[in-house]
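J.: Chain Z is already provided as a structure; the job is to place chain E on it using the hints.
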Amino acid sequence: MNCNHATTLIGPYLDGELNEAQAGPLRRHLLACAGCRTGVQAHKDLRRWFVEPEPVVVPAGFAARVAQAAFAGGSRAEPAAEVPRDTPRVAAAAAPVEPAARGEGRLLRFVLGLTSVAAAATIMIVLFTRDNRLSEGAGLRADERPRLTMDQAVEELEALQRAEGAKAARR
Amino acid sequence: MEQEAASDAALVSETLAGNQASFQLLVERHESRVFALLRHYVKNAAELEDLAQETFLKAYRRLDGFEGQSSFYTWIYRIGVNTALDHLKKRGRSPIASTDDPEVLAEPTQVEGRIAAPHAALERAEVARVAQAALEQLPEIFRTVLVLREYEELAYQDIADMLGISIGTVESRLFRARARFKQAVLDLHPEYGADAEDD
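Order-wise, the sequence lines are chains Z and E. With my numbering applied, the first sequence closes on residue 171, and no number is skipped along the way. With my numbering applied, the second sequence closes on residue 370, and no number is skipped along the way.
Isolated chain Z, as found in the complex (with noise of 0.2 Å):
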C-alpha cells in the first residue's frame, strides 16, 4: 500500500467502514509510515470540531400542530394543507379555516363572472335584433346555414351587389 492509497483509506477507517481485508494492510503501513500516522492525528483533530452548538429547542406543540395541518388536508395526495411560508405559524394550528375562506373567494368570482356574462350575453342580443328583424310571420330556422368558401361568400356579395344596381337602375 502506498501513502496515496493509505490517505484515501484513513477516513474509512477511523469511520469504522473498513472490514479485515481493507483494514489490515492500512494499519500495517501506519506502523511502517511516520507520514500517514500524522494524517491520522490530523483526521482525528478535523473530526474535533464537529460539535453540536446547543440542545436543540423544539417550538411547544410543534407535533401537534403538524398533525393537524396534516390531516385537515384530507387526502394524503392533496398538498392543501401546506402552509405558505410567509403565513405566521401560529395560522398553521388554524388551518381548518383556510378551505372556508377559499370556498367564499371562489364563490364570489363565481358570482362576479356570471353576471359578466349575462351583461355581455344581452348587449349582444339587444344589437342583434336591432340590426335583424325578422319580418313578421318570417319563419325561423333553428338549422344553420351550411358554411361557405370565402370564393362563394365573395360569389353572393357580387350577385347582391349587381342586383341591388339592377334596382336601382329601373328606379
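The set of hints was computed from the structure by calculation and includes no laboratory data. Take the hints with a grain of salt, since some may be wrong.
[Stated by the list, open to error] Straight-line alpha carbon distances no greater than 25 Å define the calculated DMTMM-like cross-link-like pairs of lysine to aspartate or glutamate that follow: (1) Z:K44 - E:E362; (2) Z:K44 - E:E324; (3) Z:K44 - E:E238; (4) E:K214 - E:E323.
[Claimed, not checked] Stretch by stretch, here's where chain E covers chain Z in the computed footprint (C-beta under 8 Å, at least three residues): (5) 8-22; (6) 46-52; (7) 58-70.
The beta-carbon is built from N, C-alpha and C at its ideal position, and this holds for glycine as well.
T.: For chain E alone, coordinates are given in the frame of chain Z:
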C-alpha cells in the same frame, strides 16, 4: 432499535388508518433529530420551524410509500435533506449546477497545512460557530455528507441510501468534503492552523 423500528411501523400503520394521535406521536419521536439536521441548513428559528413542518407534512403525504425496509428516521432524514436542499435552491444556492459541479471540477483534495484540534480553552459554542461558518462555505453536496456523517453519525450505507448514491461516492465526497472543510476553517481562521499553533 428493533423495538423502536417496530413501534414506528405500527404508528405508520395507525396513521394510515386515520389516527391523528399516532402521527403526532411519530412527529414527537423524530422532531428533535429533524430539527438538529435542518439547523445545519438554515439559521433563522422561524425558517427552521417552517422547514421541519414541511418535512413532516411531506412525510405524511407520502406515508403509504414508506415500506419499512429502511428505518423511519432514515426515511424522514431523506425527506428532510431534500426539503432543505430544495429550500436553498429556491433561495439561489443550487446544490449542484452542471457548470460548477464540484465533483466534476478538477480540484485539489490535498490541502496544504492542517488545522489543530480546537483548543481546550475555546468555548464549545465558539467551536460550533466556527464549524458552522466553515460548513456554510461548502457546496451543498459536501455539506450534506459531512452533516450526515459527523453530526448525525450515520453509516456510509445509510448516507448512500438516503442520497441515492453509491458507497464509493459517499467515500469520495466525504474525502473531498473534509479537505474543503479544513480549507474553509483555515481561510476563515488562519489562527487555528496547526502550523500557527506551533509557532
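J.: Holds or violated: are the alpha carbons of K44 (chain Z) and E362 (chain E) at most 25 Å from each other?
T.: holds, 19 Å
J.: Keeping to a limit of 25 Å between CA atoms, is the pair of K44 (chain Z) and E324 (chain E) held or broken?
T.: holds, 15 Å
J.: For the pair supplied as a hint, K44 (chain Z) and E238 (chain E), confirm whether the alpha-carbon distance does not exceed 25 Å.
T.: At roughly 38 Å apart (the allowed maximum being 25 Å), E238 (chain E) and K44 (chain Z) break the hint.
J.: Please verify the coverage claim for the region 58-70 of chain Z: does it have three or more residues whose C-beta sits within 8 Å of some C-beta in chain E?
T.: n = 11 at 8 Å, threshold three: holds.
J.: Below or equal to 25 Å on CA atoms is what counts here, so check K214 (chain E) against E323 (chain E).
T.: With a Cα-Cα distance of about 18 Å, the restraint between K214 (chain E) and E323 (chain E) holds, given a limit of 25 Å.
J.: Using a Cβ cutoff of 8 Å, are there at least 3 residues of the region 8-22 of chain Z near chain E, or does the coverage claim fail?
T.: holds (count 5)
J.: Can the region 46-52 of chain Z be counted as covered by chain E under the rule of three residues or more with Cβ-Cβ separation shorter than 8 Å?
T.: holds (count 7)
In this structure, only the earlier hint numbered 3 is contradicted, and the remaining ones agree with it.
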